[in-house]
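Below are the chains, spelled out letter by letter.
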Amino acid sequence: MNFQGQHILSTAQFDSEGMLSLFEEAKKMEKIMIDGGSDILDGKILATLFFEPSTRTRFSFESAMNRLGGRVISNADMMATSSLKKKESLEDTAKTVSQMVDVIVMRHPESGSVDKMAQNSDVPVINAGDGPNQHPTQALLDVYTVWKERGGLDGVTIGMVGDLRNGRVPHSQCDLLKHFNVKFVLVSPDELAMPSDIVSELKHFNCEVVESNDLVKSLPEMDVIGMTRVQMERFESEEEYKKYEGVYVLDPELMKKAKEDAIILHPLPRVDEIAVELDSDPRSKYFEQVGNGVAIRMALLKKVLE
Amino acid sequence: MNFQGQHILSTAQFDSEGMLSLFEEAKKMEKIMIDGGSDILDGKILATLFFEPSTRTRFSFESAMNRLGGRVISNADMMATSSLKKKESLEDTAKTVSQMVDVIVMRHPESGSVDKMAQNSDVPVINAGDGPNQHPTQALLDVYTVWKERGGLDGVTIGMVGDLRNGRVPHSQCDLLKHFNVKFVLVSPDELAMPSDIVSELKHFNCEVVESNDLVKSLPEMDVIGMTRVQMERFESEEEYKKYEGVYVLDPELMKKAKEDAIILHPLPRVDEIAVELDSDPRSKYFEQVGNGVAIRMALLKKVLE
Amino acid sequence: MNFQGQHILSTAQFDSEGMLSLFEEAKKMEKIMIDGGSDILDGKILATLFFEPSTRTRFSFESAMNRLGGRVISNADMMATSSLKKKESLEDTAKTVSQMVDVIVMRHPESGSVDKMAQNSDVPVINAGDGPNQHPTQALLDVYTVWKERGGLDGVTIGMVGDLRNGRVPHSQCDLLKHFNVKFVLVSPDELAMPSDIVSELKHFNCEVVESNDLVKSLPEMDVIGMTRVQMERFESEEEYKKYEGVYVLDPELMKKAKEDAIILHPLPRVDEIAVELDSDPRSKYFEQVGNGVAIRMALLKKVLE
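Chains as they are written, first to last, in our numbering: chain Z, 170 to 475; chain E, 170 to 475; chain D, 170 to 475.
No lab work stands behind these hints: they were computed from the structure.
No experiment lies behind these values; they were computed from the predicted model shown.
Among these hints, one or two may not hold up.
Chain copies aren't distinguished; within one or between two, either way the pair holds.
Restricting the straight-line Cα-Cα distance to at most 30 Å, the calculated cross-link-like pairs of lysine-lysine (DSS-like) are [what the hints assert, rightly or not]:
{"no.": "1", "residue 1": "Lys317", "residue 2": "Lys264"}
{"no.": "2", "residue 1": "Lys347", "residue 2": "Lys196"}
{"no.": "3", "residue 1": "Lys426", "residue 2": "Lys264"}
{"no.": "4", "residue 1": "Lys264", "residue 2": "Lys200"}
{"no.": "5", "residue 1": "Lys197", "residue 2": "Lys264"}
Based on the provided sequences and hints, a complete structural model is requested.
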């Protein structure tokens, strides 16, 4: 897999070989961060175009670019401040901005919008989230965290807990993890189960898949505990929701049942799926994920721009 | 013409000698862009103060500053986020911000506001648009594009098409182009004709001027086709507007009548004055103008700050 | 006093030795500014998190960081654009952002909010104003201006004029100045007098304190004339306000009574407490304070990050 000059739009672009080379690069990037930065991307300019604000994701890309000596110009809220108000098309925005910079990172509430930008851009476009569709660097940093913490991916049992039907995060993780020899333990209310086409896809890639409603029973098996939010409005009735309220909340009591060397992941921001008391548990890796995200984006920017 | 330490407020500051030296510098800047940047402005800081958001113009200046190794601090929406809400005068804002940076780029919806800022600033101020009044770097990049594409300006026939009465862009272009031996072909509805004082000024500078309503007839003569928007609300009646609706829209069929080596300019964003199908016509230079804008602003920042 | 790796949250952290070492460093920083910058903080990244917009303060920190070769990533309006809307706690924001940068500068409308951020951050946090509570770098730049202009602090008579009851600025100045052998002349309406606990504290530190309602009488004694706003809404009745309206306005006529070598300070933005005609009076230092603020913040960033 060659990254140079490529748009990064979807997890579908990545195979195991591509991911592993990215992860090795990210590990080098972590060393660069500790050593105080680099000038690998000196002279390069990144434009961040966020049609939907996201401070965490924007900061992560901007930090990554700066750590490598590149420069950033930024629009944190395109909807509020751009000439989109003068009805410029996304196509024209792409043709315009790509004359001024070397790479574009874009976030937009509509599925497919970043693809449209990429088709009209003269420089690489990286998808930082297009609504419910894709957010490939989030999924990459999740899998990178597992790879780094577990020393590899093969043989790992991945738990995914919460709303597996609607969540972009677990879907994207599946799309990357299927390339490795992992086992999936999917824990959700029936109403919010992983879509069957994704489960079929995992099996097609020879991954073992177990589905369950019962976190207490399934937790001990997990090497990775991937938490996500469960939102009340997703349920058909309040009664139905009450059945699951608090059931998928990780706390110190519940974590006694988990493996000693398990790791907890969460895409953040959390609401109350993970008790604050767990932050000091060495198995909690959700804030370290943020640092891993910078490393993955440094690796990606380097590979795309070199 | 000496640029060092000067405010850049109006096209009236420029003569042919000044423009040509700027264009030569801009050409060098294009080479620097290809070569991956420079550190000519290392240690210098630009503040962008946009009292009216404009992503394209702001990005262009910010890209230019970064390409030369300078730094940028930015307020993309002063009206929403500044202490103007605490009623600070523009004069005080100028006296304050100029203590912190080496050059200011400012955009504001009111005519004369940028002049007021400049009068109170200890560092050079560059006008990035003060309402209907001036936007000198836009006009400079237009003329630079003609100079570069045609290998010079003398003897060139410049077409301007659309709303020539109200448009800041054609007025500013005239103010620069009159210093050269060019011919003007001005195409507009009578109601939106170029103001007579500007036409007189062009003639006073010995430029030939032809006025017309008929784009089809005038198009074959043009070396440069300068398009602008025609807005319905400018007309006295809807009937009057209907006469011109679609008449000043450039499309592949119409472009068959244009010269083989003509070039199409547009300040962007376009609405529908230029059919998207023309984007692939090698004569379309409106997106290349964006890149030329970065080069012109690099040249200007260098000359002002050196 | 050791600054390295420390949060800077309050004026209470500073003693005379700490301030003097900071001021000596700031003086070196002024030389660096003239010489065109430095690369002392090359490879370091500052995040500015402004939950309440303040262009002046944000620009000052961002200019300081850039002058030292560091990089900046910025959120100028966290309330409008952050995932706080998704109810993320300040604690989680701290744990997240501190994974991506080397230092955080934060402003927030609520007292104590910046302390909360600091308690959860892995990197130093600098308070750029937490509502009515603290804004330590503003007070430091005020005292630095006096130290620089007067060649020291001992023996100086400091006038503070206006709303001394509610103003964060005079309170913070007292908290720093009490460590030196200065005399305070506090001029305010009775209703807006300096809180008695602060006056007691000053006396406890062996500072002489004189309180007065009468600016005309007190002005001739002052070496430093520290102006602040008097706001009508602070008074119990309009009648009461009328008594003081215009009484605490500095103008050229009144300044005839001041010492020849006095200096005028103001935290800006001013409304009408200082007549614009005084801007050209060499005793007016309120705009130079802005430049001093960049120097103080450069010194602080260097000391915290080295």
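Okay, the hints, checked on the actual structure:
1. Lys317 with Lys264: Answer is between: at 20 Å across copies they meet the 30 Å cutoff, but 39 Å inside does not.
2. Lys347 with Lys196: within (22 Å within a copy, 51 Å between copies)
3. Lys426 with Lys264: For Lys426 and Lys264, the Cα distance is within 30 Å only across copies (26 Å; inside one copy 54 Å).
4. Lys264 with Lys200: Between copies only: 21 Å across chains, 36 Å inside a chain, cut-off 30 Å.
5. Lys197 with Lys264: between (34 Å within a copy, 23 Å between copies)
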